[in-house]
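*Asks:* Sequence:
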Amino acid sequence: GGGQEEDVDGRGGDEVGDGQEESAEKSAKETRESEEQLALRLKLPMLDNLLAMTLGRLPKRPEVETDYHFQCVAALHQQLRNGWVEEFKAPTAAVLSPDEVSDMVGL
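Position in the sequence shown (from 1) plus 1117 gives the number in our numbering.
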């Protein structure tokens, strides 16, 4: 009793709080998307070569189609590349001049 409504869904009924939560989720999603776009644009030949040499050694299982195997290898390559950029983008950006960053992304 007491006139208070029970918080059934655990999210609370505060519209301001809900808006802040949605805004934070949207911001996090936009950050992830921009990191993925940056990862796609960065020219990282040493990392790409290392990943290609390493992942190229993964054996194809006999029951897996060749095309599917290479799609999986390519997806894994991109996931590892995205993780690298996410993990190390701040130190890289901090030590490079704007011209060097432009060169890396091909601008």
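Think of the hints as simulated: they come from the structure by calculation, not from any bench. A quick note: this is a predicted structure, and the numbers were derived from the prediction, not measured. Be a bit skeptical, because a hint or two may be false.
[Stated by the list, open to error] Here are the simulated distance ranges between beta carbons:
id, residue 1, residue 2, range
1, Leu1193, Lys1160, 15 to 21 Å
2, Gln1188, Ser1140, 17 to 23 Å
3, Ala1141, Leu1164, 29 to 35 Å
[To be verified] Derived EDC-like pairs (lysine to aspartate or glutamate); straight-line CA-CA distance at most 16 Å:
id, residue 1, residue 2
4, Lys1143, Glu1180
5, Lys1160, Asp1216
6, Lys1177, Asp1220
Glycine included, every Cβ here is placed at the ideal spot set by N, Cα and C.
*Asks:* A separate judgement is required for each hint: does it hold in the structure or not?
*Replies:* Now for the hints, and whether the structure bears them out:
no.: 1; hint: Leu1193 to Lys1160: 15 to 21 Å; in the structure: 20 Å, holds
no.: 2; hint: Gln1188 to Ser1140: 17 to 23 Å; in the structure: 36 Å, violated
no.: 3; hint: Ala1141 to Leu1164: 29 to 35 Å; in the structure: 31 Å, holds
no.: 4; hint: Lys1143 to Glu1180; in the structure: 41 Å, violated
no.: 5; hint: Lys1160 to Asp1216; in the structure: 14 Å, holds
no.: 6; hint: Lys1177 to Asp1220; in the structure: 37 Å, violated
Checked against the numbered hints given earlier, this structure breaks hints 2, 4 and 6; the rest are met.
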